[in-house]
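Undergrad: Sequence:
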Amino acid sequence: EHLRGAYVDVFPTEPGKNGENLFESELRGCPNMLMTPHVGGSTEEAQAMIGEEVAAALLKCINEGSTYGAVNFPEVDMKKDGT
Numbered sequence: 009e010h011l012r013g014a015y016v017d018v019f020p021t022e023p024g025k026n027g028e029n030l031f032e033s034e035l036r037g038c039p040n041m042l043m044t045p046h047v048g049g050s051t052e053e054a055q056a057m058i059g060e061e062v063a064a065a066l067l068k069c070i071n072e073g074s075t076y077g078a079v080n081f082p083e084v085d086m087k088k089d090g091t
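Numbered as in my numbering, the sequence shown ends at 91 without a single skipped number.
In case anyone wonders, no lab produced these hints; they're calculated from the structure.
Where is the CB? At the ideal position from N, CA and C, for every residue including glycine.
Hints may contain errors.
[To be verified] Here are the computed distance ranges between Cβ atoms for each label pair: (1) Ile70 - Asn40: 25 to 33 Å; (2) Asn29 - Leu67: 48 to 56 Å; (3) Val62 - Pro39: 20 to 28 Å; (4) Glu28 - Gly59: 29 to 37 Å; (5) Pro23 - Ala54: 18 to 26 Å; (6) Val47 - Ile70: 26 to 34 Å.
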C-alpha cells in the first residue's frame, strides 16, 4: 500500500507573512502533499462557532461548576451538593 496524498495544516513553526521562515522538509517537494498554516479557525463561520462554544462552556462552569472538556485549563467538577 502507498500513501496517495497527505494534507498537513500545522507546521512545526508557523511561517511568517509572505512565506517567511518556512521550515525545510522533504515533504515540501512532494507533488501529492498539501501544506497550509494552521488557519482552520480563521473563517467567519468558525469564529462564530468558537464564540458559541466558549459562551456555553462559561455558562456550564458558572451554573454547574464543571470545566469538563476545557482546553489548556484543569478539569474540575465543583457541582453543588443538593443537601
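Undergrad: Run the structure past the numbered hints and jot down the numbers of the failing ones, going up.
TA: Hints 1, 2, 3 contradicted; others consistent.
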